[in-house]
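Chemist: Chains as they are written, first to last, in our numbering: chain A, 1 to 113; chain B, 1 to 113.
Just a few of them, taken from the derived set where beta-carbon distance is under 8 Å, the chain B residues facing chain A:
id	residue
1	PHE90
2	LYS100
3	LEU101
4	PHE103
5	GLY104
6	THR105
7	GLY106
DSS-like, lysine-lysine: derived pairs with alpha carbons at most 25 Å apart:
id	chain 1	residue 1	chain 2	residue 2
8	B	LYS49	A	LYS57
9	B	LYS24	A	LYS99
10	A	LYS3	B	LYS49
11	A	LYS99	A	LYS3
12	A	LYS99	A	LYS57
13	A	LYS99	B	LYS69
14	A	LYS59	B	LYS24
15	A	LYS3	A	LYS53
16	A	LYS3	A	LYS78
Simulated from the structure, these hints should not be mistaken for lab results. Backbone N, C-alpha and C fix where the C-beta goes; we use that ideal spot for every residue, glycine too.
Read off the chains here:
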Amino acid sequence: GPKVLQIPSHQIIDMGQMVTLNCDPVSNHLYFYWYKQILGQQMEFLVNFYNGKVMEKSKLFKDQFSVERPDGSYFTLKIQPTALEDSAVYFCASSFSGKETLYFGSGTRLTVL
Amino acid sequence: AQSVTQPDARVTVSEGASLQLRCKYSYSGTPYLFWYVQYQRQGLQLLLKYYSGDPVVQGVNGFEAEFSKSDSSFHLRKASVHWSDSAVYFCAASRGSGNKLIFGTGTLLSVKP
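Just chain A, same shape as in the assembly:
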C-alpha cells in the first residue's frame, strides 16, 4: 500500500540545537500532519498542513516549531531551539483529502540531551 517514509528513524541532538525531521509523504496526497508521542503516552496531534499553509495546530506546537514543504519535496518539522521535553517519537502522516484515511510513517525518535 501507500507508504510514508520518515528519515532518519532516530536522531540524537544536544539541547538548544536545531533539528529538522523529514517526511516523504504519499506522492499524490495533499494534506500533511505531524503527531508527537512521548514514551508510554498517547499520540497527540501537533499540526496539519495544506496548500502551503498550516491549517490547525495544537498547544503542543510551540513557537519553536515550524513546518514547510518546499517545492513539493519533503514535508519537514523544524525545532529551533530544541528543549529536553521535545524528546519523543514524531510521526508524520498524509492523506489525499481532509476526510480520507491517514497514512502514517514509522516515526522518528528524537532524543534531546
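Model the placement of chain B on the given structure of chain A, informed by the hints.
Modeler: Coordinates of chain B only, in the frame set by chain A:
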C-alpha cells in the same frame, strides 16, 4: 473535552483464542472512529474505520469493530488470533474534516503460541 480511552494497556491471549480490545470515546455528537495497528518498528496501519451506517464494520485480517452510541464504545474483535497479530493497537476518533485524530493510549497485544 474530547477523549479516547483504552482501559487495557496490555492484553495477552493464546493463539486461536478470541479477542476483544476495548475503546471508549467522549465526544459531543458522533465522531468518526478508527482502529490502527502498529507492528514493531513500523508506522501505524489502518485496520478499519466507522463513519456511519451499520454499527459493525469489517476490517483487514479478520478484525471487526462494533460502534455503540449508547455505550460510547468502539470495541475491536477478532474470532481467532494468530501470533502475527502481536502489536500495539490504537483506537482514534475525529470530527472528520481536517483529520485531527485523537488517539487512545494504545493496547499492547501479546499472542502466546
